[in-house]
Amino acid sequence: MIFLIIIGMSLATMIPRVIPAFIVDKLQFRDWVNRWLNAIPYAALGALIFPGILSVKEDQPMIGLAGGLVAIVLAYIGLNIILVVIGAIATVFLLSSVI
Amino acid sequence: MDTVDVEKQQASPSWFMIKRGITVGFPIMLGYLPIAITYGVLAKQAGMTLTELTLMSVFVFAGASQFMGANMIAVGAGAVEIIIATFVLNFRHFVMSLSFMNRLRGIGMNWKFPLSMGLTDETFAVSALHTKEAKMKKGPLFYTALFLTAYIAWVGGSLLGGILGEVIPEKLSQSMGIALYAMFIGLLVPSVKKEMRVGMIAIIAMLINFICVQFMSTGWAIVIGTVLGGLSGVFLLKEEEDPE
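One line per chain: the protein sequences are C and S, in this order.
Position 98 of the first sequence, counting from 1, maps to 98 under my numbering, and the rest follow consecutively.
Position 54 of the second sequence, counting from 1, maps to 153 under my numbering, and the rest follow consecutively.
Calculated directly from the structure, the hints in this document are not laboratory data.
Please note: incorrect hints may appear among the correct ones.
[Claimed, not checked] No farther apart than 25 Å at their CA atoms in a straight line, the calculated lysine-lysine pairs in the DSS-like style are these: (1) C/LYS26 x S/LYS231; (2) S/LYS293 x S/LYS231; (3) S/LYS270 x S/LYS118; (4) S/LYS293 x C/LYS26.
[Said to hold, decoys possible] One-sided and incomplete, this derived list gives chain C residues near chain S with beta-carbon spacing under 8 Å: (5) MET1; (6) ILE5; (7) ARG30; (8) ASN34; (9) TYR42; (10) GLY52.
Where is the CB? At the ideal position from N, CA and C, for every residue including glycine.
Excised from the complex, chain S in its bound form (with noise of 0.2 Å):
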């Protein structure tokens, strides 16, 4: 998959690079699609409207904070609380873009802006072990063909749920709740083989999250975990060092 075909490239370098991002964001679209449909039923027992658990994947497309959106929703909490708990929840965003937009230097604010809207823990996540393409010819269409695919099962996974409620029998769709992680982890290891110092860092702001967890919100620890974690990159990563 980390090998690119040099000859298929040259002829088409546009469609190259978006069948290249379909494929790398297929396995977000098979971690999305049952949680997706689990917000769409969720969303709906709160008594959101179609129209409305939609419209909160098309404008927000942020599972966490959706997920605890209309759970608040359903408990009666204001609009302000809401809107502040997703906040906390979602300001990780904020160190993951900037470490993402730090390796697509370069490429100009037309791709940068929208790429940065489509930004979750998944998509940076996969595009962060995908550096190589911020520097190839045609490079942002892998990047917005790899969101898309993210973001159309997201979009799409929240509506199916709505309109068919309880379609995926309840012990399938718990453990369809790892699929994300072992996403992570899938992702993770491999970097790890190459590089055991990747490992040392992860395995830091595990540790660090685990502690603060216990005495703050999962919003701020986690982004204290990967804050705190990342810094250990400093003395851990040599210069212009890349696992990948």
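Looking at chain C on its own, in the form it has when it is part of the complex (with noise of 0.2 Å):
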């Protein structure tokens, strides 16, 4: 049963991700279908991390809010990205032992 489940799992998260590979090439776009599907990283972006980050900590959204604005300082002072994660761990981390 459980394996039957994950066959159909598999085929349901697979299906959209593959299409596009194939029509991709069939298809020509306008330009402002190019400028929309190269505006699409930054709109997922952008979806991914709110409202989700809120819920980082159940009931305390301030928690997954300022790991953000941690996230938000040291990657605009241009720190490399893996720094920027642990940073925000380690404000969650501290923050979610002192509340």
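Starting from two chains that each stand alone, build the complex the way the hints lay out.
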């Protein structure tokens, strides 16, 4: 039964990912469509970050928000992305220990 | 990290691209490990065997869906229900894949097809901000190495979580929930610094997502936020403008 679920989930996740690989060469996009597709990464990042980040710690949205703000500052001053990640983890860890 | 050492690249383009892919993929590995371990622990508690939970990571390779799947298995939801919920939650990958594949035009199907299967929120976000490699010699190896780094971390972490159980103290694993968000921020901020309008696109997508999530499932809200937010780029981005 669980194997059936795994196979079904595998198809459900694979199909949306794979279809564009097959269709993209057959399509010629107008300029505005290319601009739209080039903007997708930034839109996706936005939608993935917020409001999801508020639920890092259940019932305490401020903690996720604080971690995010620290990440913004660290990234803004140009630190390597690994340090940004570690800084945010440390912030959340310290805050949830204190609060 | 963005400057490409031309000399080294000419010496052995394949090896150069593989090493570069692993380096760029490393933050994803860092973000995936704790989450994959948590998934392994949770799936085990949901009553899945070690083989089942590892195979799910091997064949599904989609974090949010697997957490949801394990949860639904635990509460005894039906297979059809779980599969439909997975489809809804992961439909955003269609939009991301279309955007990514549009960048990979000219690269053969023998690369595009396997790469498309390795697409996740995180591998997409990182590779979409490294578009130069698509046009470079042996470029597909860069993306392959990047995706495999993420994949190995995901599958390995799941297995580890399933074997060891609660290895990471709860407070620490909870704190690590911020890791992928921090990575997304770490990817976004440098692009915004170069081009403010990119930040506008992201903020519009955030707001649309925030509004939508009040009325519908997270999966659809992210799809609509991404699609409509991206649409603002039609007006905000100029011709062939690439903030990278």
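Here is how each hint holds up against the structure:
no. : hint                : verdict
1   : C/LYS26 x S/LYS231  : 23 Å, holds
2   : S/LYS293 x S/LYS231 : 16 Å, holds
3   : S/LYS270 x S/LYS118 : 34 Å, violated
4   : S/LYS293 x C/LYS26  : 33 Å, violated
5   : MET1                : 7 Å, holds
6   : ILE5                : 5 Å, holds
7   : ARG30               : 10 Å, violated
8   : ASN34               : 7 Å, holds
9   : TYR42               : 4 Å, holds
10  : GLY52               : 7 Å, holds
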